[in-house]
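J.: Sequence:
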Amino acid sequence: MDGSTTLAAPVLILLGPPGAGKGTQARMLEEEFGFVQLSTGDLLRAAVAAGTDAGKRAKAVMEAGELVSDDIVIAILRDRLNDTDCAKGVILDGFPRTTVQAEALDRLLEDSGQRINAAISLEVDDAAMVTRISGRYTCGGCGEGYHDTFKQPKSTGVCDNCGGTEMKRRADDNAETVASRLEAYHAQTAPLIDYYNGHGALKKVAAMGDITEIASEMGAIVRGAVA
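When we follow this note's numbering, the leftmost residue of the sequence shown carries the number -8, and every step to the right adds one.
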């Protein structure tokens, strides 16, 4: 790249705890703007499968049962950002997780004339999130989603979609585990909130309402950030 800010592909970061709707909103942004969502897990798996230099390093580390270092993740991300499908912009989900990673990401983007256009934090009510996540379950046959409070099947224990009677819950979708995950998220992410707020890139979106309304607000933020 030539470093021109007019040509640099936008980079967005999505922040938010599990269940906040990051995946749903990322898909909607992909459709509206042509961006590509990049998650750390997907990046690692793709790099290992492709056998890139960074992917080989990551594979060796993972096979040894160790955590992949920030340097390797950054190297994999650098390779991925050079792919043609990222030319319209990317959405980073799950990275960075620490201010050290955020600083490394800033250096990487600076080398290619890019920057963080917006770090969007999906703000949730913790108590409501515990209710939302701990009450959900799915049909074991077709995967149709249900909820103890918000969406029960018309006939108890019978899937509206396929008529199946085997309902499943994720083992970690219980109130105690969800509350613990939320507490860990806030502790881990608080420094990132401060970091991006200090850099003028932080945008907050209330994420407990209607999905389409949230998407509309996020779309407006993105249009302003990439203008």
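Check each hint, because a few of them may be wrong.
[Stated by the list, open to error] Estimated spans, in silico, between C-beta atoms of each pair: (1) Asn152 / Ala119: 25 to 35 Å; (2) Gly56 / Asp116: 32 to 42 Å; (3) Glu54 / Ala211: 40 to 50 Å; (4) Ser146 / Ala78: 45 to 55 Å; (5) Gly104 / Ala162: 43 to 53 Å; (6) Ala162 / Arg106: 21 to 31 Å; (7) Glu54 / Gln143: 38 to 48 Å.
[Unchecked claim] Cut-off 27 Å, straight-line C-alpha distance, at most; resulting in silico cross-link-like pairs (DSS-like, lysine-lysine): (8) Lys159 / Lys79; (9) Lys159 / Lys142; (10) Lys145 / Lys159.
I should point out that these hints are in silico values taken from the structure, not numbers from a laboratory. Just so it is clear, CB atoms sit at the ideal spot from N, CA and C, and this is done for glycine as well.
J.: For each hint, tell me whether it holds in the structure or not.
T.: Okay, the hints, checked on the actual structure:
no.: 1; hint: Asn152 / Ala119: 25 to 35 Å; result: 26 Å, holds
no.: 2; hint: Gly56 / Asp116: 32 to 42 Å; result: 37 Å, holds
no.: 3; hint: Glu54 / Ala211: 40 to 50 Å; result: 45 Å, holds
no.: 4; hint: Ser146 / Ala78: 45 to 55 Å; result: 50 Å, holds
no.: 5; hint: Gly104 / Ala162: 43 to 53 Å; result: 45 Å, holds
no.: 6; hint: Ala162 / Arg106: 21 to 31 Å; result: 40 Å, violated
no.: 7; hint: Glu54 / Gln143: 38 to 48 Å; result: 44 Å, holds
no.: 8; hint: Lys159 / Lys79; result: 39 Å, violated
no.: 9; hint: Lys159 / Lys142; result: 15 Å, holds
no.: 10; hint: Lys145 / Lys159; result: 17 Å, holds
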